[in-house]
Structure formats: C-alpha cells, structure tokens
Amino acid sequence: MPSTHDWINNPLGVVEGMFAASLGNTNLAWEAKAVEFFRDRLKEKDAHTWVPSLNDIPLHYLKPNSLVKFRCLIQDMFDPEFYMGVYETVDPATKAKVLQCGKYKDVTESGVDFNSKSTVTAERQTFYCVPIPGENPWVKEIYASSSQARVIPSTSYVPSRQKRSYEEDDDDVDDMDTQPQKQREPHCSSNVSTEQHGNGDCKRQETEAPARQPASASHLNLNFPLPGEKGPSCLVKVYEDWDSFKLNDMLEVYGILSVSPALSALADEKDASSCVLDPAECMETAEEQRVHSPPASLVPRLHMICAKSLPHNNPLLPSATLEDNSAFLSSSLSEMASVREELLAYLTHVLLGDTLAAEYLILHLISNVYSRRDVLPMGKFTLNISGCPMVNSYTERLYEIIRQLIPSSYYLGMSLQNMNQMCLVPKKDYVANRLVSGALQLARNTSLFLDETQLEQGQLDTTGVRNVTALGNLISWQKVDYDFNYHQMEFPCNINVLITSEGRSLLPSDSRIHLLPQVTPPHIEEYVSSIHLHQPASSQLNKFRMYLSVARVLDYSISDEMTKSVEDDFVDMRKDDPQSITAEDLHRMLIVARLQSLSLGQTSLSRDSWLRAKHIEMLRSSRLEQHKCVNGNEP
Numbered sequence: 003m004p005s006t007h008d009w010i011n012n013p014l015g016v017v018e019g020m021f022a023a024s025l026g027n028t029n030l031a032w033e034a035k036a037v038e039f040f041r042d043r044l045k046e047k048d049a050h051t052w053v054p055s056l057n058d059i060p061l062h063y064l065k066p067n068s069l070v071k072f073r074c075l076i077q078d079m080f081d082p083e084f085y086m087g088v089y090e091t092v093d094p095a096t097k098a099k100v101l102q103c104g105k106y107k108d109v110t111e112s113g114v115d116f117n118s119k120s121t122v123t124a125e126r127q128t129f130y131c132v133p134i135p136g137e138n139p140w141v142k143e144i145y146a147s148s149s150q151a152r153v154i155p156s157t158s159y160v161p162s163r164q165k166r167s168y169e170e171d172d173d174d175v176d177d178m179d180t181q182p183q184k185q186r187e188p189h190c191s192s193n194v195s196t197e198q199h200g201n202g203d204c205k206r207q208e209t210e211a212p213a214r215q216p217a218s219a220s221h222l223n224l225n226f227p228l229p230g231e232k233g234p235s236c237l238v239k240v241y242e243d244w245d246s247f248k249l250n251d252m253l254e255v256y257g258i259l260s261v262s263p264a265l266s267a268l269a270d271e272k273d274a275s276s277c278v279l280d281p282a283e284c285m286e287t288a289e290e291q292r293v294h295s296p297p298a299s300l301v302p303r304l305h306m307i308c309a310k311s312l313p314h315n316n317p318l319l320p321s322a323t324l325e326d327n328s329a330f331l332s333s334s335l336s337e338m339a340s341v342r343e344e345l346l347a348y349l350t351h352v353l354l355g356d357t358l359a360a361e362y363l364i365l366h367l368i369s370n371v372y373s374r375r376d377v378l379p380m381g382k383f384t385l386n387i388s389g390c391p392m393v394n395s396y397t398e399r400l401y402e403i404i405r406q407l408i409p410s411s412y413y414l415g416m417s418l419q420n421m422n423q424m425c426l427v428p429k430k431d432y433v434a435n436r437l438v439s440g441a442l443q444l445a446r447n448t449s450l451f452l453d454e455t456q457l458e459q460g461q462l463d464t465t466g467v468r469n470v471t472a473l474g475n476l477i478s479w480q481k482v483d484y485d486f487n488y489h490q491m492e493f494p495c496n497i498n499v500l501i502t503s504e505g506r507s508l509l510p511s512d513s514r515i516h517l518l519p520q521v522t523p524p525h526i527e528e529y530v531s532s533i534h535l536h537q538p539a540s541s542q543l544n545k546f547r548m549y550l551s552v553a554r555v556l557d558y559s560i561s562d563e564m565t566k567s568v569e570d571d572f573v574d575m576r577k578d579d580p581q582s583i584t585a586e587d588l589h590r591m592l593i594v595a596r597l598q599s600l601s602l603g604q605t606s607l608s609r610d611s612w613l614r615a616k617h618i619e620m621l622r623s624s625r626l627e628q629h630k631c632v633n634g635n636e637p
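The working numbering puts the first residue of the sequence shown at 3, with every later residue one more than the last.
Hint data in this document are derived by calculation from the structure and do not stem from the laboratory.
Keep in mind that the hints are not guaranteed to be accurate.
[To be verified] Using 27 Å as the maximum straight-line C-alpha spacing, the simulated DSSO-like pairs for lysine-lysine come out as follows: (1) K545 to K47; (2) K566 to K616; (3) K232 to K248; (4) K310 to K65; (5) K47 to K310.
[Unchecked claim] Label-pair distances were calculated between CB atoms; the ranges are: (6) D574 to Q542: 38 to 46 Å; (7) A49 to S541: 23 to 31 Å; (8) H617 to V153: 54 to 62 Å; (9) A49 to P494: 28 to 36 Å.
Treat the numbers as computed from the prediction; the structure is a model and nothing was measured.
Every residue, glycine too, gets a C-beta built ideally from N, C-alpha and C.
Produce the entire structure from the sequences given, and follow the hints as far as they go.
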C-alpha cells in the first residue's frame, strides 16, 4: 500500500503501479480503482490539509508530477482533446516492448512506437480555471494557515526569500514565465522537440498534439474576470464525468501537477511533425494556439483525479453541506440570535448610528437565490442604501468593512469612465476560440458593491449603456447575457448586489433604505474617519463570518397556518385603503419576513417574525415618505 509520501509526492507511481497490475487481466476497472484509492486517502482525517495548494504556494515551490489542489472557478471550457491513453515504447538497445499508461500526463516516455496496434486513443476535456474572483484576503489567509503541506524547494534552486502566498508574491509575469522552468528540470535542455526520442529521461514527447505559440508568451492575458487579481490560472484536464461540471462552478480540484518545460519547448517548434500527430492542429490560428497552449511555467496543467463542488468558500465552515454536519449546525443555530445582536450593534456603528439601516443590511448580506420559478429568481434581496454622506470616502470605507465579513466581493465605482470603458459582460473571442471574461463572471454568493456616489455628469456611450443594462438585468433577473457576437446566451447567477447612492439609485432594487445618520453634521467627517478604529477582534469577526454564511444556506418553510394568517393580514390591510398595500408590497414583506427568520436561526416563519417584518417595512416606508416631503418629488 503506498505511503503518504507516495500518494502525494508520486501519484503517477501509484497510477502506473495499478496500470501494470491490470495488464494481462480481464479486469479493466483499474482506472476507477485508482480514482477511488485517492478519494479514500483524502477522506482520512485532515488528509486534505497535507496536499499542497496552488492557491497558497508559488508554483516554483511545488514538485512536478506531485498531487496538488486548486480552489477555483471554471472560467472557460475548451474543446475535448485526444491523447494516447495506452502506448508502447521500444528499448533501442534490447528492442523490448513495454506498454505504458498515458493517463494524467502531458508528455510520454521516449521511444514511442507509433505503429503499434496496442495504442489506445482516449479523450479528455480541458477547463480553463482561475482562482475564485473577488475572494477576500481573510479567506486566503485562513485557508493557507490551515495547510499542513510540507513543501521543500528543489535543491537546484535556493530561494532568496521565505515562502509566501500568491497574494504576497509581487513577481511580474516575465519572472514567473522564465524562472520555474530552470528550477524544475535544471538538467534538461530547453530545446526539447517532438523528434527527440534518444537517450535521457529529459527527451520526451507530448501525448497530445503540441500547439505552437509565439515566444513572447509573457504578455499572455490570464483572463481573470476582475482587474488586479493575482494567483495562478490553470488548465485542468478532466478524464471523466465532465458533463457534470458547468461554467462558473466553484471547485476544489485534486490532481497531478504538470509543468514540464517540454510543453513550452514543443509549442515553439515550427516543423510539420505536429501535423502528423494531429492534422486538426494545423487548422488552429496562431492566436488560438497561443491561448490554448500557454507556457506551463505561467499556466500549469492539472490532471484532475477528483474534484468536489464547493457550496461556499468560507474556510470557517465545514466543506460539506450543513445537513451532513448536524453537530456544527446545531451549535451554530443556538448562537445565532446572540451573534445577530452583536453584529447589529457593529453595523449600526458603521452606518452612522442608524439601527434600521443596519437591520436591512444584515437581511441583504444573508439573502440568497434559493430557487427559480420560470424566469423569476426567488430569494434575492438587492438593497439600495441612499443618503450616503459624501465625506471622507464613506462608501469605500463601508465596502472595506463589509469585505471583512464575507468570503467574496467586488467594489465597482460607477464613474462615467468605468461605465464607458470596463468590460462587464464576458464575450466570445472566435479568433482565439475562448471566452474573454468580464467583471460579472463571478462565483455564486459573491457580493457586488455598486457605488453610485461616484457618478458624475456626462454621457454614457454605447459600452456604458450596455454595461448599465447588464447591471439592471443582473439585479432583476439574476442572469448575465454573455456576448457570443451573433447571439446572447443567458447564464443564471446568484450575486448579492448592494447599491450605495446619494438619492434614489438609477438601477432597480428590491428594497431601498434611506440612511438617517444619528451623528450631527459637524461631527460626521471625524466619525467616518474613525470607523475603522472600532473593528472587532478577529475572534469576533470570525463569529460574524460564520453567522452570515450559515444564515444564507439554511432551509426555510412556511406552515399552512402561517400562510392563512398572512393572507388574512393582507386582506385586513387593504380593507380601509386598497391602495395602501399592493401585491408587490406583500411580496417584499414576505421576503423580509423570511430573511428576518433566518437571521435569528429560525427555519420557519413565526407570528413574531411576521409582525416584526411588517413593522420594519412600515418604518422604512414612512422614512422614505418623510424624505420625499422634505426634498420634493425625488426622481
């Protein structure tokens, strides 16, 4: 039985051992057994923490062909590719023939017999994966601190600094592109070609058709959805059940890391030998070859052994669903009411003493699209906080506080320049045959903070109008229409949108709360400047972080008795003045009541929660009416 050292440091050895044992047997299920072996190892207590993570550790610290993990989002899906699943090699000295396994590899052993009848061609899918967009620093830090992986740099490379995460690694792209190749295989020539099958382990051949690319790959666009993102992109090779994965899924992938310099060297070959291996390769454009076969030092290959879909990326919660961890769920529910009070007090301070606005902000932060009825997303709660003071970058300070509480977020200042220049909607590039990402290609439960206080006078151009329209569709329908040039393709999403503005937002929202500061105007600037000084301790922040994530995923129901009670209330409210409350108002009250219940850890609607929802909705509406009376008919 392979040891811990074997299955993490030499997973190919485990796979090849099972392949060799299957030769001559009628049992063809060795591949499934190999996958099951790794899944069983990862189920052992804390075993997943032993596996090094591409998210935390710079690429040049990781051992080639070792088992690594990657927390990511599927940004694009490439066409399936063929590779040699089984091939035969011939020893040039003894002429002995040996069957080799080509699975989980990009390059073969030397001496391949291309005329062998034993060659088996197989198919695999390639996903282009990026780190989860907008994942906040506290999430990365907690994931990295929980790792027990032991990473020893190659003896041929002496680092001039301590190990650091990608967030701290400020090397530029050119440095990433050139250093790791020399570190990983210092004795290999960088001129490996498809025709070199002679002596030496370094002379290998790709199992898939090599794609050529320009030498200046350091300028390759890594296609991160959000500007300023750091971390690795990765080509994930998928061998089974690839139809079960969808674009924009959040995954944790466990696979074999492939960073062979041969991948970059082979891509530079200009001879016609590549066309012999795969004639379709000659049909690719240079741009497509460059995008689909980037240097392995910049975009490593990860051969997936297994992967799990991530219901969330909060490292403080169990990775499995809460229903599968009843002890954690029970403990969390017992504390939710008290944690809510503490969070309410903190957010009241942040929102300038406005407790009602803090109530609505909590409801917004735990909202979640839990189902869809036809095209209508159920559970969304886009909130517009209007009346934000224009002092000391208040809205930006508010965002910085919110991102300390939630796993993933993105701040978008809605300035005229941003609206007219940013690419919010992903677009298909048919020349490179890839999906060019946009800022709205986000993982589920990401919080999008739209700052309308950045608006200024000016004219939106065509791009600006398109971007504002895309934001409106996202808010109203929780979908983004990706641009495929000749048509648009709908992609449903689950993104919490918070809008801050002076007056009423130009974008739609599910609810609007007008901020009513309890701080007198002469002291607001000083108050805003000192908000960050009152940040809770890390232990308290962690309680808030767990609370918000747990509340978001709780189940919820309404009993028949409460349904009848709500209906009777609705009839009574309309008796005296039918115009006082509409069906839309009732729908909003039901959403508020649902979120009110969940915020207290209650999974069904109670009479008290319903009455509380009616009360705060009345307070919110009357505040808006008073604001309109003071300021006239606000647009």
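Structure-based check of all given hints:
At roughly 24 Å between alpha-carbon atoms, K545 and K47 fall within 27 Å of each other, so this suggested pair holds. For the hint pairing K566 with K616, the CA-to-CA distance comes to about 16 Å; that is within 27 Å, so the pair holds. As the CA atoms of K232 and K248 are separated by approximately 23 Å, the hinted pair is consistent with the 27 Å bound. For the hint linking K310 to K65, the alpha-carbon distance of about 23 Å falls within 27 Å, and the restraint holds.
Between K47 and K310 the CA atoms are separated by roughly 17 Å; this keeps the pair inside 27 Å, and the hint holds. Taken as a hint, the range 38 to 46 Å holds for the pair D574 and Q542, whose Cβ atoms sit roughly 42 Å apart. A hinted range of 23 to 31 Å holds for the C-beta pair A49 and S541, which are about 27 Å apart. Between H617 and V153 the beta carbon distance is about 56 Å. The supplied range of 54 to 62 Å therefore holds.
Here the CB-CB span from A49 to P494 is close to 34 Å, well matched to the stated 28 to 36 Å.
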